[in-house]
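Protein sequence lines, in the order shown, are assigned to chains A and B. The opening position of the first sequence corresponds to residue 1 in my numbering, with each subsequent residue numbered one higher. The opening position of the second sequence corresponds to residue 1 in my numbering, with each subsequent residue numbered one higher.
There could be a bad hint or two in this list.
Unchecked claim - Heads up, simulated DSS-like pairs for lysine-lysine below, C-alpha to C-alpha not over 25 Å straight-line:
hint	chain 1	residue 1	chain 2	residue 2
1	B	Lys-36	A	Lys-86
2	B	Lys-57	A	Lys-235
3	A	Lys-235	B	Lys-36
4	A	Lys-86	B	Lys-57
5	A	Lys-256	B	Lys-36
6	A	Lys-630	A	Lys-51
These are calculated hints, taken from the structure and not from any lab test.
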Amino acid sequence: MYTSVHTDRRDFIKKMAVLSAMTAAAGMFPGIVFAEEQERGIPADANLDWKKAPCRFCGVGCSVLIGTENGKAIAVKGDPKSPVNKGLCCVKGYHSILALYGKDRLTKPLVKKNGKYVETSMKEALDLVASKMQKTIKDHGKDAVSIYGSGQWTIPDGYVASKLFKGCIGTNNVEANARLCMATAVTGFLTSFGLDEPMGCYEDIDYADTFVLWGNNMAEMHPVLFSRLLDQRQKRGVKIIDFATRTTRTSMAADKSILFNPQSDLAVGNAICYEIINNGWMNKTFVEEHCNFSKGLTKMGYGLEDNYKFADKPETIDFEDYKTFLEDYTPEKASKISGVSVKDIKYLAAHFGDPNTKVMSFWCMGPNQHSRGTWMNNIIYNIHLLTGKISSPGNSPFSLTGQPSACGTVREVGTLTHKLPHGVVMNKEHRELAAKIWDVPVENIDPKPTYHTVEMFRALDRGDIRFMWIQVTNPMVTMPKLKRYRDGAKKEGRFIVVSDIYPTPTTDIADVILPSAMWIEREGMYGNSERRTQYFEQMVEPPGEAMSDTMQLLEVAKRMGFEKQFYYKDETHIEEIYTEYRKHHEGKKHNMAPLEVLKAQSGAMWPYVDGKSTQWRFNAKYDPACTNGKDFHFYGKKDGKAVIWQRPYEPAAEEPDAEYPYWLGTGRVVEHWHTGSMTRRIPVLHQAMPHAYVELNPGDAKRLQIRTGDMVKLTTRRGEITLPASVNERAVPAPMQVFVPFFDEKMLINEITLDSFCPISKEPDYKKCAVNIEKA
Amino acid sequence: MPIKSYLVHPQEGKKMHLANVLSEIEQCEVLPAENKEVLILVTETYSKQEEEVLKEKLDSINEVKLMALVSGFDTPKK
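Whole structure, please, built from the sequences with the hints as guidance.
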């Protein structure tokens with residue numbers, strides 16, 4: 001992709017025509033590459049400086065090469081040396097540099113005075129942020145201040161945020177938007193294995209025979225990885241099975257599409273386990289050597305009330321108990337709950353049960369944004385553990401992420417209320433290690449977690465939190481049951497700081513807006529879904545007074561009197577921070593690669609031991625941390641064994657009824673990245689998908705006499721919204737279900753969603769609530 | 001003055017040959033996909049009549065299996 005400021009209108013239109021076609025092609029052929037176009041338009045005498053960076057958008061972590069000229073990023077292409085994307089780019093990655101140059105970039109700090117935003121200097125704005133935070137702590141206590149970041153934070157951003165708030169100020173009011181998307185994956189990993197993040201890697205794709213996609217529209221959300229699946233099908237005839245609640249581009253490309261009723265994946269997953277055991281497909285040796293069985297509490301509620309608390313009480317059970325539990329999930333019984341035929345349940349189970357078939361499971365928001373999401377993650381692991389199809393090439397349960405550093409920053413640095421870079425605040429040894437590295441008294445680190453994201457915004461509404469600093473995320477689009485949290489943030493006596501690159505509905509609630517340097521306008525690292533940490537250097541200058549989020553935090557920390565802890569020099573601060581951060585993870589289980597390695601290659605996977613990335617954790621053949629003398633060692637658990645969990649089916653928090661007879665699910669589209677604050681400023685992407693819509697089942701649309709483009713009113717118990725209809729277009733929901741993408745800040749679907757969440761992970765369920773629809 | 005872009009699906013095995021055929025037409029610019037059987041075609045003409053003649057010519061090319069219009073822009077002549 002090439003862009004130039006020196007272009008006439010006709011050339012521009014021609015370029016738009018090409019880009020429109022490329023966008024359409026990318027939708028039809030995930031992972032399509034137009035290599036010639038990447039070089040085209042670049043002047044023959046151009047002396048472009050090409051440098052590598054991980055892509056700014058999703059969690060796949062594609063490496064891109066960025067061409068700069070005269071201080072401006074003007075070209076981008078996939079990095080052929082990257083083992084992640086092997087030179088491919090998706091439509092968003094291909095246009096990623098255009099997100100730097102939107103017309104309305106924030107370039108000056110803005111402070112709200114008498115209801116109006118007034119430009120000020122960065123120095124004055126940072127002075128104000130520091131003094132407001134100090135005053136709030138003095139008047140209301142340390143737990144009245146908070147920071148809310150994201151999986152787009154670089155590793156240094158999240159690290160200094162955690163150090164400042166948890167180590168120096170002494171509050172665990174640190175959360176990140178990954179709570180809205182990946183928290184369930186974390187609790188799934190922790191409960192089953194005792195350690196977070198996938199045991200396998202993308203290279204599993206090259207070995208697996210069957211891919212089961214659990215509620216995961218990979219063709220649109222992870223197109224580059226999906227193209228690797230399609231490539232394997234062409235080369236080796238692998239099978240792709242799409243198990244979902246609506247028919248999407250992924251379903252259309254799959255070998256088999258199986259639809260299930262919302263929430264009933266729990267029942268089908270258990271039925272697969274039933275089939276594996278009852279057909280003698282269980283890998284008995286593996287299970288006996290490496291697994292335990294447990295059950296937890298049930299009927300946990302849905303977190304709908306303020307100050308909701310839940311702590312699971314795991315109880316050891318034996319194999320026979322588990323087998324008896326599964327009697328409730330015969331294929332016949334699960335079929336009644338799920339709407340999936342007995343034949344299809346058996347078909348799914350047979351793929352896992354065949355000892356000669358290597359199976360890779362992929363999932364993302366379907367099982368994660370789920371009111372019983374931790375259970376669903378556990379059940380997928382149960383299937384892989386029962387068959388021993390785990391931690392070896394091609395046998396891999398793989399949880400995908402949606403943000404470039406949801407793993408690297410939120411999960412590894414630990415920017416969640418209960419987390420530390422190594423371990424959790426509740427653990428004395430973990431607090432001592434963090435305090436030592438941070439050079440703070442251990443008493444500073446509070447052993448009690450405070451608020452998870454939904455509760456943090458509830459606390460802001462109640463007035464328990466008075467100061468909130470929001471960096472690189474857009475909660476006023478993404479929070480469920482949005483109105484309550486927007487009204488809460490606007491209440492008297494609240495002070496909100498927002499660091500971002502463009503105006504958004506979240507900057508609208510800010511008292512101070514700080515312009516941030518974006519991506520390659522500063523230096524940093526991201527960590528992707530396969531435990532790969534990737535470095536990028538600063539390639540261009542940020543506009544105006546824009547400053548990196550890391551530097552904003554450092555400046556405020558110093559103003560608050562923490563110069564000793566934030567000793568880093570301006571010119572080397574990223575290197576110094578990363579070097580300090582690595583100390584938290586020393587050891588064979590999580591060692592991070594040195595910076596010089598990250599600079600020299602397209603990242604490295606932790607644990608990085610003896611100069612090598614670890615591709616398959618817990619497998620003694622590949623993982624130097626295995627020490628039990630056996631083939632596998634699940635060393636996250638004290639006894640070295642993984643846990644097979646007894647997890648039942650339970651209904652969603654709100655299900656369709658006579659008044660609200662349809663299911664409402666929300667999600668994303670290929671053209672836009674999450675809330676669209678960047679991609680809606682890229683003309684070709686915006687033009688390709690200019691606004692949100694409500695997708696209806698054709699039968700429902702016919703009955704209601706609704707056609708594509710007609711306005712449709714959606715009403716839930718939280719409110720109503722009107723959107724244009726989409727019938728038989730990109731995707732098709734099952735009867736009595738509707739789907740709405742959330743990228744459009746002018747059609748905020750989260751005004752009407754429900755803030756129920758998984759009681760274990762505290763991640764909201766954006767996929768299920770009850771709605772009524774009528775022609776507007 | 002119309003500028004249009006199409007996704008052109010070639011007959012099996014004819015992608016590069018089709019790319020060459022289209023490249024020789026004055027009003028056409030072609031961009032074959034590196035790894036898929038599809039091409040992007042951008043046409044630039046200066047009148048509706050010229051465009052119609054071109055369309056007829058394109059329709060008669062045997063190597064074209066399917067041609068799908070993606071975008072059409074009209075711009076004043078410089």
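Verification of the hints:
no.	hint	in the structure
1	Lys-36(B) x Lys-86(A)	15 Å, holds
2	Lys-57(B) x Lys-235(A)	37 Å, violated
3	Lys-235(A) x Lys-36(B)	14 Å, holds
4	Lys-86(A) x Lys-57(B)	38 Å, violated
5	Lys-256(A) x Lys-36(B)	22 Å, holds
6	Lys-630(A) x Lys-51(A)	43 Å, violated
In terms of the numbered hints stated before, the structure departs from hints 2, 4 and 6, listed from lowest to highest.
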